[in-house]
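Okay, here's what each chain looks like letter by letter:
There are 2 protein chains.
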Amino acid sequence: MGMMMLVRLNMRVALAALCGGVLLVTLYWGRCGDLTHRPISSVLSNALSERPDEIECVINGEYSVACRRDQDLVYVPFSFIHKYFEIYGKITSTDGVEKFEWSHSYSKVYHPKKKYDPRGTFATFENYNVEVRDRVKCISGIDGVPVSTQWEPKGFFYPTQIAQFGLAHYSKNLTEPEPRVRVLDDGEKSHENWIVSTDAVLTREYDSELKANVLRFATTDRVSSQVWLKVNISQDFVLSIDLMLKLNSSMTVVLQSKEKKETVYLHYVTSMQLIYAQEDHIYYGIGVDQKWRHLTRDLIIDMQKGWALQDRPKRKSPRNKFKISSIILSGRGAAGNVRVSSSAHMAHFFAAARWLVGAQRARGGWPVGARRRLAPAPELRPGWHSAMSQGHAVSLLARAHYRSGDGRYLQAAQRALDLLDVPSHKGGVKAMWMDKYLWYEEYPTKPPLFVLNGFIYTLLGLYDLHVIEGENSISPAKKMFDDGMVSLKALLPLFDTGSGSFYDLRHFTLGVSPNIARWDYHATHVNQLYLLSSLDPDPILINTAKRWEGYMKGKRAAHN
Amino acid sequence: MGMMMLVRLNMRVALAALCGGVLLVTLYWGRCGDLTHRPISSVLSNALSERPDEIECVINGEYSVACRRDQDLVYVPFSFIHKYFEIYGKITSTDGVEKFEWSHSYSKVYHPKKKYDPRGTFATFENYNVEVRDRVKCISGIDGVPVSTQWEPKGFFYPTQIAQFGLAHYSKNLTEPEPRVRVLDDGEKSHENWIVSTDAVLTREYDSELKANVLRFATTDRVSSQVWLKVNISQDFVLSIDLMLKLNSSMTVVLQSKEKKETVYLHYVTSMQLIYAQEDHIYYGIGVDQKWRHLTRDLIIDMQKGWALQDRPKRKSPRNKFKISSIILSGRGAAGNVRVSSSAHMAHFFAAARWLVGAQRARGGWPVGARRRLAPAPELRPGWHSAMSQGHAVSLLARAHYRSGDGRYLQAAQRALDLLDVPSHKGGVKAMWMDKYLWYEEYPTKPPLFVLNGFIYTLLGLYDLHVIEGENSISPAKKMFDDGMVSLKALLPLFDTGSGSFYDLRHFTLGVSPNIARWDYHATHVNQLYLLSSLDPDPILINTAKRWEGYMKGKRAAHN
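Chains as they are written, first to last, in the working numbering: chain A, 1 to 560; chain B, 1 to 560.
None of these hints come from the bench; they were simulated from the model. Among these hints, one or two may not hold up.
All copies of an identical chain are treated as equivalent in the list; a pair is satisfied when it fits inside any one copy or across any two copies.
Unchecked claim - Mimicking DSS-like on lysine-lysine, the simulated pairs with C-alpha atoms at most 27 Å apart in a straight line are:
#, residue 1, residue 2
1, K489, K316
2, K323, K479
3, K436, K90
4, K172, K555
5, K430, K553
6, K323, K260
7, K555, K83
8, K154, K555
9, K316, K258
10, K291, K323
11, K316, K172
12, K555, K314
13, K478, K115
14, K260, K479
15, K479, K90
16, K546, K115
17, K258, K108
Isolated chain A (complex conformation) (with noise of 0.2 Å):
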């Protein structure tokens, strides 16, 4: 330690950096050099030569970034790395060591542990949540299965994601514990003590329809007329119950905050309207049948929904924050077997089969009711096939059979491959390469596309249903697959950047800028490439999944 005096140099207003686009004044503080027994010369000579100072970046000689040097050494500030290469970076805290974390990718590989067995997950499904995704408008209260606003603001049924949210519920059922279930009542065991108003009905009767205890109620016109049951149900979500309204007869279930006098009303009414919503009334319609009808839904999501239609802004973690107080019946009609549970993936997913069954068209396709919009190529006009809601739509229904038995799953699945020899411009979905390889279209524009990622999940389909059908086997999906695979191979190649992948091969046959694909498709073309290697020995599949994976970390492919 020592006597000295202090030097501080001039502050400096650096540099006017144009970065990205974005106009920065960047304000730098001089500081005070190392200082020992010196005189002031030697002490602003050590200062300007020896410590971190500034120094002008010229990038490519068209703006400049504000970086530091130490002698020789030149730092660059992070933010503009991440402008300029789309890298991601944050400091992160580990027993109070900080560190920063730089990300060359922001997306994950899934490494399968054994081969592929259509019997089992799909893909990586297990990760997917469909139903919370923004471009889900609801989950149908008549169909029980999600609703897209993807292309048309107004939701339409997309096949591809209905199939995707019943392949996500069946991974899921597959890889996640036992769900909790809590029978609130079923007639036989358990029963509730449901509270009835003065004017109103509530009588336990057997139903020869269900083979089953069920409760029979009807109200009166006012409001207090009702049947209700007061519950206190935290963490779990799930609602299933039998139901049967007349008509304007209705059930709601009341959610509550724990902390702050929240009341959220989920009613679910006798009308073909998907949904409505005010203020903190969430109506769903279920359809004006006036026959048994089994709902399974979840409330967390049926009440984000409802806030969402209201632009109202996402709570998170709302699974934490409600309970569940009540349930109610008005009108009249019957209800029995009412369950809350944690999960209950395979309602979720048969709901999707049903859907599929009930959807298909006479050509055995899904026709998408939105148009789409694929500039530079031409729309595709509502009514258009997707090979992968095709392909989605078959692992699904495979599936479905194979959990079942039931034939009517089997036969959808079969139909549902007429449409992939089917030319895109009569229809259908199929695209040739150079007149020589076919390929599976997920949007069958003209001139094709050719989307890798949709490709091949329409590919698992056909092994999956090749698979499912066994010995038996009636449908051409071997000799599909084996053809797809075979066009797989040759023109996987053309899909790579050599730092990461196309999303499509838009570039070769539109003459357009190559579309890149971001690192979420990217990490989707490898992880189906991992699937796909544990089907095919062929070394182009598990060379280019290593390959494209390292592109995740930054590697590249060599330059001559």
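Chain A is already provided as a structure; the job is to place chain B on it using the hints.
Below, chain B without anything else, positioned relative to chain A:
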């Protein structure tokens, strides 16, 4: 200013950082805080929270790099950026102000100012200096063209290199100022005083073949028996001379360094040996025919190649450090028209043209005598043809015909087209893409590689010949060019990586990792596309050129 205490933070051995495969142990010194009258604790906390400090950057969870931080701002060392992204940078100083210049690419694009003209410069070759390249062993004393060591250390005539040598000189002749020419002895107006030793003879006489006065000389076998001319020529080093030597005769040019008294002897001897060098004596065989020959030698190149043969280090700017001090004639022979000039581009150009006419084989090709290894593709065995050689030769021969009117050049160019229509497996250079698009192969491997730059150079040859042939066109050059342009426009997008270009399409034809073009080849692609866009208005050419030029400044194609 005020009094204060010095606080020195502990020295820290910061990070053992594994970077680019190399273990770096980086030593950092803590630095003194920005001290004022505050208690130590506050000073310390200030030092830790407000100073540029160190922070460990964890790169993709794989290894660490020592970064700096200033509160929430993180600064990454450029040395790491350089390795990770292959970005180039250096500190430059202008008027005492130091800046750091960041370069995405090290290569340069030339924007053509006018439409490409086959009578004018070839591509951007006025910037080429073929003979100084390391892979040029020397300029043949017999043929006046370069000998390549690119794939064969003992040296071979590589038609592509010879044509590039000629085309570069043709282009320089158009873009450079007229050369300075100094006539040393033309037998007429300029007479130098040759020094003749007592046992030697020098006479001036008229030569009926050259139709000029020449020097006839004879010396004895004694070393001291010489005819020599003392000169003192700096700056210009291209010697041209008409020379006729009997066996065991020679011309020696003596070069001397201006400062260091270094002396180098360039011996041009009657021998078939290409080059031989021992210490300061460098020998070039000029053949054994006892007839007139015209030599044009860049003496500095001849000296440097002699040094390179002895693995001597390269010198910087030898043209500024040496002078020509004498020219010595030994043995028996005659000489005339002795000149020294700053350049003799057209002499070099026509040397290449003559070589091409003389070396062309029956099939119209210039087979390459060296084995070409192109792993992972099968190697090309000696005798292979290159579409790029053929195309470059055509470009050169068309210009030679245009400049000389000599029909032999035109015929050689026309015959050179034949092999472009012969498939690679039949010894030609034509490949087909998916049985649909033809490609002229720079390296006609099986399977094909589809090298881009060589293909475009071949197209230029076809265009050149078509234009030079003009109205009297008899060759298929036009149709071959048009067919090639169809292929180019169709396949060009496949060379687009979204951030650069591929050198070839080996990833497609061999199923291997793609071969990215390094920046100088990428710049060649861009230059070629700008050139072609002056000939063909199809927007894909100019759009691709612009997009690819953007990649050289860090722009990328969009991702979805």
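Okay, the hints, checked on the actual structure:
1. K489 <-> K316: neither (44 Å within a copy, 52 Å between copies)
2. K323 <-> K479: neither (52 Å within a copy, 79 Å between copies)
3. K436 <-> K90: neither (48 Å within a copy, 51 Å between copies)
4. K172 <-> K555: Classified as neither: same-chain Cα gap 33 Å, cross-chain 41 Å, threshold 27 Å.
5. K430 <-> K553: neither (35 Å within a copy, 39 Å between copies)
6. K323 <-> K260: This pair counts as within: shortest intra-copy Cα distance 12 Å, inter-copy 96 Å.
7. K555 <-> K83: Cα proximity of K555 and K83: in one copy and across copies (19 Å, 11 Å).
8. K154 <-> K555: Intra 43 Å, inter 38 Å, cutoff 27 Å: neither.
9. K316 <-> K258: within (14 Å within a copy, 82 Å between copies)
10. K291 <-> K323: neither (30 Å within a copy, 109 Å between copies)
11. K316 <-> K172: within (22 Å within a copy, 70 Å between copies)
12. K555 <-> K314: Neither. Shortest intra-copy (37 Å) and inter-copy (35 Å) distances fail the 27 Å Cα cut-off.
13. K478 <-> K115: Answer is within; shortest intra-copy Cα gap is 18 Å, inter-copy 56 Å.
14. K260 <-> K479: neither (60 Å within a copy, 81 Å between copies)
15. K479 <-> K90: Neither: 49 Å inside a copy, 59 Å across copies.
16. K546 <-> K115: Within one copy, since 17 Å is at most 27 Å while 46 Å is not.
17. K258 <-> K108: neither (35 Å within a copy, 66 Å between copies)
Checked against the numbered hints above, the structure violates hints 1, 2, 3, 4, 5, 8, 10, 12, 14, 15 and 17; every other hint is satisfied.
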